[in-house]
Amino acid sequence: KAGVTQTPRYLIKTRGQQVTLSCSPISGHRSVSWYQQTPGQGLQFLFEYFSETQRNKGNFPGRFSGRQFSNSRSEMNVSTLELGDSALYLCASSLAILANTGELFFGEGSRLTVL
Amino acid sequence: DQQVKQNSPSLSVQEGRISILNCDYTNSMFDYFLWYKKYPAEGPTFLISISSIKDKNEDGRFTVFLNKSAKHLSLHIVPSQPGDSAVYFCAASNDYKLSFGAGTTVTVRA
Numbered sequence: 001k002a003g004v005t006q007t008p009r010y011l012i013k014t015r016g017q018q019v020t021l022s023c024s025p026i027s028g029h030r031s032v033s034w035y036q037q038t039p040g041q042g043l044q045f046l047f048e049y050f051s052e053t054q055r056n057k058g059n060f061p062g063r064f065s066g067r068q069f070s071n072s073r074s075e076m077n078v079s080t081l082e083l084g085d086s087a088l089y090l091c092a093s094s095l096a097i098l099a100n101t102g103e104l105f106f107g108e109g110s111r112l113t114v115l
Numbered sequence: 116d117q118q119v120k121q122n123s124p125s126l127s128v129q130e131g132r133i134s135i136l137n138c139d140y141t142n143s144m145f146d147y148f149l150w151y152k153k154y155p156a157e158g159p160t161f162l163i164s165i166s167s168i169k170d171k172n173e174d175g176r177f178t179v180f181l182n183k184s185a186k187h188l189s190l191h192i193v194p195s196q197p198g199d200s201a202v203y204f205c206a207a208s209n210d211y212k213l214s215f216g217a218g219t220t221v222t223v224r225a
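Line order of the protein sequences matches chains A and B.
Letter by letter, the first sequence follows residues 1 to 115 in this note's numbering.
Letter by letter, the second sequence follows residues 116 to 225 in this note's numbering.
To be clear, the hints were calculated from the coordinates, so they are not data collected in a lab.
A couple of the hints might just be wrong.
Calculated cross-link-like contacts (lysine to any residue; reagent style SDA-like; alpha-carbon spacing at most 20 Å) [as the list claims (entries may be wrong)]:
#  : chain 1 : residue 1 : chain 2 : residue 2
1  : A       : Lys57     : B       : Asp210
2  : B       : Lys152    : A       : Glu108
3  : B       : Lys212    : A       : Thr80
4  : B       : Lys152    : A       : Gln54
5  : B       : Lys120    : A       : Asn59
6  : B       : Lys152    : A       : Phe60
7  : A       : Lys57     : B       : Lys152
8  : B       : Lys152    : A       : Glu103
9  : B       : Lys212    : A       : Gln54
10 : A       : Lys57     : B       : Asn209
11 : B       : Lys152    : A       : Ala87
12 : B       : Lys212    : A       : Leu83
13 : B       : Lys212    : A       : Gln41
14 : B       : Lys212    : A       : Thr113
15 : B       : Lys152    : A       : Gly40
16 : B       : Lys212    : A       : Phe45
17 : B       : Lys212    : A       : Glu103
18 : B       : Lys171    : A       : Glu103
19 : B       : Lys212    : A       : Gly62
20 : B       : Lys152    : A       : Arg55
21 : B       : Lys152    : A       : Asn71
22 : B       : Lys120    : A       : Gly40
23 : B       : Lys212    : A       : Glu52
24 : B       : Lys212    : A       : Leu112
25 : B       : Lys212    : A       : Thr38
26 : B       : Lys152    : A       : Gln41
27 : B       : Lys120    : A       : Pro39
28 : B       : Lys212    : A       : Gly84
29 : B       : Lys169    : B       : Ser184
30 : B       : Lys212    : A       : Arg111
Construct the entire structure; sequences and hints are all you get.
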């Protein structure tokens, strides 16, 4: 079956702009989580959605937001981009609410560069 | 505040030898621990996990050890193979949140 699909794979923005990233989970998966990966910081949890509701949120400013649609596809938005937002943004899906066993299926990520 | 720490950013090991990756955590409420593996230009993939009620879990060449009193987790890869060269992330779960370490880059030398 198809894996987690993220678009776009690469994008370049300038400071102050906003960006929207998209994630299509594995068919049948209802939970979608977003992570930010930067060198030396590992994967930082942004938020998780299940059945169109945000269930958990990490420690990121309000410029970072997301949503989930009825077909489980999710988008995340970053407004007023800063240089420090340059990172790989990873989406992961799972069958249940961030299955407490933690087994997630990740997409290949969206590489954002802010100039 | 990093609740999960991987203090070794890199590890180089000869093919056929054992790779030992270490991970420390601070939150005693973590109840599930996992290792993920990541190749360049790919998303992380789940490797192996262990529940906090166990101290060892084995899957083929991969074994994870958990020392709850020391809040320490380790991953052993025996024998190491060239295809094991990747970034390995330690992760811990509680309250339906996953916390990841910064990753250890493993290079297996032929």
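Hints, one by one, checked against the model:
1. A:Lys57 with B:Asp210: 12 Å, holds
2. B:Lys152 with A:Glu108: 13 Å, holds
3. B:Lys212 with A:Thr80: 27 Å, violated
4. B:Lys152 with A:Gln54: 27 Å, violated
5. B:Lys120 with A:Asn59: 17 Å, holds
6. B:Lys152 with A:Phe60: Violated, at roughly 25 Å.
7. A:Lys57 with B:Lys152: Violated. Lysine 57 (chain A) to lysine 152 (chain B) sits at ~24 Å, over the 20 Å cutoff.
8. B:Lys152 with A:Glu103: 12 Å, holds
9. B:Lys212 with A:Gln54: 13 Å, holds
10. A:Lys57 with B:Asn209: Measuring from Cα to Cα gives roughly 13 Å; hence the hint holds.
11. B:Lys152 with A:Ala87: Holds, at roughly 18 Å.
12. B:Lys212 with A:Leu83: Outside the cut-off at roughly 27 Å; violated.
13. B:Lys212 with A:Gln41: Within the cut-off at roughly 17 Å; holds.
14. B:Lys212 with A:Thr113: 27 Å, violated
15. B:Lys152 with A:Gly40: Between lysine 152 (chain B) and glycine 40 (chain A) the Cα gap is close to 16 Å, so the pair holds against 20 Å.
16. B:Lys212 with A:Phe45: Status holds; Cα separation ~8 Å.
17. B:Lys212 with A:Glu103: 11 Å, holds
18. B:Lys171 with A:Glu103: Roughly 18 Å separates the two Cα atoms, so the pair holds.
19. B:Lys212 with A:Gly62: Given that 20 Å is the threshold and the Cα spacing comes to 19 Å, the pair holds.
20. B:Lys152 with A:Arg55: Roughly 26 Å between the alpha carbons, so the hint for lysine 152 (chain B) and arginine 55 (chain A) is violated.
21. B:Lys152 with A:Asn71: 29 Å, violated
22. B:Lys120 with A:Gly40: Holds, at about 11 Å.
23. B:Lys212 with A:Glu52: 18 Å, holds
24. B:Lys212 with A:Leu112: 24 Å, violated
25. B:Lys212 with A:Thr38: Between lysine 212 (chain B) and threonine 38 (chain A) the Cα gap is close to 19 Å, so the pair holds against 20 Å.
26. B:Lys152 with A:Gln41: Holds - the C-alpha atoms of glutamine 41 (chain A) and lysine 152 (chain B) are around 16 Å apart, at most 20 Å.
27. B:Lys120 with A:Pro39: 14 Å, holds
28. B:Lys212 with A:Gly84: Roughly 24 Å separates the two Cα atoms, so the pair is violated.
29. B:Lys169 with B:Ser184: Cα-Cα ~12 Å, so holds.
30. B:Lys212 with A:Arg111: 23 Å, violated
Of the numbered hints listed earlier, those contradicted by the structure are 3, 4, 6, 7, 12, 14, 20, 21, 24, 28, 30.
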